[in-house]
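Trainee: As a plain string of letters, each chain reads:
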Amino acid sequence: MQIIKGKTNIDFIGKRRIAVFASSVLNIAILVGIALFGFNWGVDFAGGTLIEVQFKKSITAEQVREGAVKGGLQEPQVQSIGSADENTFILRMGGVTQLTEAGAKAAETAIKALGGVEVTTFNKDLDNGLLTFRTKGEVKVDDIKAAVSGSGTGVQSVTQLPGSSAEAGFEYQVASAGMSEKVQAALIAGLPGTKFDCENKEADCVRRVDYVGPQVGAQLRNKGIAALLLAMLAILIYVAFRFDLKFGPGALVALLHDVVMVAGYYLVTRREFNLTSIAVLLTILGYSINDTIVIYDRIREEMVKFKGKPLPEIINIAINDTLARTILTGGVTGLSLVGLLIFGVGEIFDFAAAMLWGIVVGTYSSIYIASPLVIWLDEREAAKAKAGGSPSGGAMKAKTA
Amino acid sequence: MDRSWWTRLALVVAVALGSVWFLTPTYYSLFVLDRADRNDVAKLEKVLPFWSAPAKYRLSLGLDLQGGIHLVLRVDTKTALGKRAERLGQQMVSYIDGKKLGKLSAVANTETYEVTLTAADAAAMDGIEKELLATFRDFSKVSRNAGVLVLKLDAAQVDFLMADAVDQAMLVVRKRIDKWGVAEVDVRKLGTDSIQISLPGEKDPERAKELIGTTAQLEFRIVEAHGDLFKDLYTNTPPDPSAGITLVTSRQDPDGNEPETPYLSGTDKNKLLAYVAGKGGEGKQVLLHCVETPNNKSCLRYVTWLVQANGLSGENLVGADAYNDPQTNNIVVSYEFNEQGGKLSEDLTGKNIGRLMGIVLDDNLLSAPVIRDKIGTRGQITLGRSGNREQRFKEAQILALALKSGALPAPVSIGETRQVGAALGDELIKKGTTAALVGLALVIVFMAIYYKLAGVVADVALVLNGLLILTGLALFNATLTLPGIAGFVLTLGIAVDANVLINERIREELAAGKAARVAVDQGYDRAFWTIFDAHITTLIAGFILQQTGTGPVQGFATTLIIGIIASLFTSIVVTRVITTYLVHGRNATTVSI
Chain D
1 MQIIKGKTNI DFIGKRRIAV FASSVLNIAI LVGIALFGFN WGVDFAGGTL
51 IEVQFKKSIT AEQVREGAVK GGLQEPQVQS IGSADENTFI LRMGGVTQLT
101 EAGAKAAETA IKALGGVEVT TFNKDLDNGL LTFRTKGEVK VDDIKAAVSG
151 SGTGVQSVTQ LPGSSAEAGF EYQVASAGMS EKVQAALIAG LPGTKFDCEN
201 KEADCVRRVD YVGPQVGAQL RNKGIAALLL AMLAILIYVA FRFDLKFGPG
251 ALVALLHDVV MVAGYYLVTR REFNLTSIAV LLTILGYSIN DTIVIYDRIR
301 EEMVKFKGKP LPEIINIAIN DTLARTILTG GVTGLSLVGL LIFGVGEIFD
351 FAAAMLWGIV VGTYSSIYIA SPLVIWLDER EAAKAKAGGS PSGGAMKAKT
401 A
Chain U
1001 MDRSWWTRLA LVVAVALGSV WFLTPTYYSL FVLDRADRND VAKLEKVLPF
1051 WSAPAKYRLS LGLDLQGGIH LVLRVDTKTA LGKRAERLGQ QMVSYIDGKK
1101 LGKLSAVANT ETYEVTLTAA DAAAMDGIEK ELLATFRDFS KVSRNAGVLV
1151 LKLDAAQVDF LMADAVDQAM LVVRKRIDKW GVAEVDVRKL GTDSIQISLP
1201 GEKDPERAKE LIGTTAQLEF RIVEAHGDLF KDLYTNTPPD PSAGITLVTS
1251 RQDPDGNEPE TPYLSGTDKN KLLAYVAGKG GEGKQVLLHC VETPNNKSCL
1301 RYVTWLVQAN GLSGENLVGA DAYNDPQTNN IVVSYEFNEQ GGKLSEDLTG
1351 KNIGRLMGIV LDDNLLSAPV IRDKIGTRGQ ITLGRSGNRE QRFKEAQILA
1401 LALKSGALPA PVSIGETRQV GAALGDELIK KGTTAALVGL ALVIVFMAIY
1451 YKLAGVVADV ALVLNGLLIL TGLALFNATL TLPGIAGFVL TLGIAVDANV
1501 LINERIREEL AAGKAARVAV DQGYDRAFWT IFDAHITTLI AGFILQQTGT
1551 GPVQGFATTL IIGIIASLFT SIVVTRVITT YLVHGRNATT VSI
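Top line first, the protein sequences correspond to chains D and U. Here the first sequence stands for residues 1 to 401, numbered as in the working numbering. Here the second sequence stands for residues 1001 to 1593, numbered as in the working numbering.
The hints are simulated quantities; they were obtained by calculation from the structure and are not laboratory data. Bear in mind the structure is a predicted one, so any value in this text is a computation, not a measurement. Mixed in with the good hints, there may be bad ones.
[What the hints assert, rightly or not] Here are the simulated DSBU-like pairs of lysine-lysine, each with C-alpha atoms no more than 35 Å apart in a straight line:
no., chain 1, residue 1, chain 2, residue 2
1, D, K124, U, K1269
2, U, K1130, D, K7
3, U, K1043, D, K140
4, D, K201, U, K1279
5, D, K7, D, K305
6, U, K1078, D, K124
7, D, K307, U, K1514
8, U, K1043, D, K201
9, D, K136, U, K1279
10, U, K1431, D, K124
11, D, K305, D, K246
12, D, K56, U, K1431
13, D, K201, U, K1046
14, U, K1343, D, K140
15, D, K112, U, K1046
16, U, K1083, D, K140
[Unchecked claim] Derived, one-sided and incomplete: chain D residues facing chain U with beta-carbon distance under 10 Å:
no., residue
17, L36
18, T60
19, A61
20, E62
21, E66
22, D85
23, T121
24, K124
25, R207
26, L220
27, K223
28, R300
29, A353
30, V360
31, Y364
[As the list claims (entries may be wrong)] Derived DEER-like restraints, expressed as beta-carbon distance ranges:
no., chain 1, residue 1, chain 2, residue 2, range
32, D, A113, U, D1204, 29 to 37 Å
33, D, A29, U, A1441, 38 to 46 Å
34, D, G94, U, Q1547, 45 to 53 Å
35, U, A1441, D, W376, 41 to 49 Å
36, D, E379, U, G1018, 52 to 60 Å
37, D, A29, U, K1083, 28 to 36 Å
C-beta atoms are modelled at their ideal positions from N, C-alpha and C, and glycine is treated no differently.
Next comes chain D alone, as it looks inside the complex (with noise of 0.2 Å):
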């Protein structure tokens, strides 16, 4: 069985003007639009507290959310995950504890309102939710406990310091509950019938809670991001070394239009952009540079058996050649995935869509943007040793493995 019969001579690199025209255009405007519109972070990069809850009726996203804001949820985000009759949604809050600025306010008003008690210090830690605070006279526990709850805050617990003395004074810490137990709260209070316990197949079921907090997701993100460069920047190398110069940045660059356009996948679709998006563009990344490679040694190839053929020709050869391997093995990946599309929910499925169209992308890009830009650099070379003088022009000169 055979794609392809025969050997093809389609004129690839003589549309790459337009090629090269319509993939900047569509760079920019992705960039354009991730400048202006931001991508949907997920909470790794953004921060924030994510909860997916399973239930048992058959809900939709819009009444889950109704019923959020009805238990005293501020602007939660609802998303329905995997087909609907599994009933998974996602929430993400903003917050990662309950205890907002406010609510310290009233929490310390509150404690200090408690009967006989001398408040000396009083310290907040908005972004660990702690109260810590010291006072003249013992104080129940218990109290504390009732008089934070009062106020608005949920309590996760209330210590007694160790060092705390009649002398010294008696220090106290409020562990303020976190923001999926406030979430959870809202959901039984604004969903008549909810009832968490995973353990019972009957109720409904909190199935994950990730909580990043802002630095660590700027952290994460920064690291991600300076990994895929770095990576890129060897692969540059690599290439530079083992074939020509003018390969490597025909390589890079079209690294790094795959790497835009599959960000444009998150960028249009809404998905969220979270730590396996930057796997999706490191599995891209990977599969992708295999592409460029084939082709490139295929070119460099061609360049020894038809020494002196213009490098256009060249490349439409290597290209045609390799033209039913190139159709193969994106479709074989592509196969790959096909599992992974249909039994995958929420992250595979995204995980799945996003790989099957850098698979695309970069099929594309190995033909259309890699190679010309070896041509244009080649000419360039040929104009200036032109200029030089040079009679030989631009003739490659291959490296043989």
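On the provided structure of chain D, position chain U as indicated by the hints.
Mentor: What follows is chain U alone, placed relative to chain D:
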């Protein structure tokens, strides 16, 4: 068939068999053991057949696949260091004051760790500068302007103190998690300022707050003789047999790590604590000492000690260090109190010479050295002579860290928590495996149809490639995560690509009219460099991601690296061994491709 072919065949068979062998513990842990016991190495060892690979080479599932909590704590090393600079500045002032060299005032910059010292009398500064630089060797001079001297903490010292702050926080965190009794906890340093904790099976992410809530409580409490207290307790009100509490009457450890008179021992900390709660008597308390496993990773069991209810707080400790005393060749831990602590210590030790001093961290009795003298601001603990030297030094370092943890609390905050319910984890495994298998099946069927026999050969390589990736992950003790599965899919794609490249080449050579055997050999030779280049570039990317990435990115990179190496082997060596046999070995004149 020449000799090199036989050698290569032997290699391929050995690798394939080795791979299956190394995967036996993984198979048993995932499919034979109950889900609850999946992480229990001891139970795994029991069910493994005698010929199996060691249980430690098993592929464990990442928290995203098996459920549990992943936590990242950030240690605010900068603040800790800023405070340290402030304190050192104060020490300089009092040191110079003590030497009667002049009056100084110090201001520390908590960002740059610079200490600006101003002398009341500018003329005295020359002498002060000389004295300070000779004594405070961790500082170097930045500038000097008449009576104003600026000193800066050396970069090497800054790095050391930062790492030290993280180590201290790690120790405290480990001790606290230990209290929860969670099996298979993994605590490790992440980067320069974070601690990563994996708690498989743990359900309540809010408990993480217990780890950061307060700073560690370190105390010195005098150990009381407990006589027959535990023996009487054990005989009069025997514990519930299921609690696993036993009475130990003979002294087992000659080095004072365990009490001399009958004591209680148990593996379940909470049950043991509940049993002895309030049984110490007036003004006394029963505490537990954790007898650690040889690798110091977790508690083997807990034994009971009786101590006084009140003691000296570690708040007043200024520092502690473990070192080898060259004069006596003993391993010692030296520590230092501030002035107030020194007075309290003098008082406490003076009254109790000859007794044991219990060093208690968060209600855990870490060590109980004998008090030899009245100890003021500076004290020294000499470690016993049991165990090997290396292990003792490690113990000393842990003790020094514990002592310091009372002295330099670096603020710790929660950077990240990720909790996955076990139900979701199971579902992800099920769906992930189904998805991967469906993808694999589609590819296998397609290759067989498209390339006929050559496709079947490629399929064999593909399946072996999959096995090798799993083996590689198991060998390196890596965990299989969701991004890891993504890396798996990519590598399978690349492995298929290698075979496609080879087969297309062979077809080309056949189309050019070459004989079957020549076509196969040239096809392989020509495709080799293409495959090599493509694999190496991806490998480079993989290594960089492995080095610079965090969490999921790293999991992806590990799978990718192992997969690429496996793919090079399967596509270049394995398929060629089979194809060579099919063509040369059978003297074929046609190729099924």
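Trainee: Going through the earlier hints one by one, which of them does the structure break, listed in rising order?
Mentor: 2, 3, 4, 10, 15, 17, 18, 19, 20, 21, 22, 23, 24, 29, 30, 31, 34 and 37
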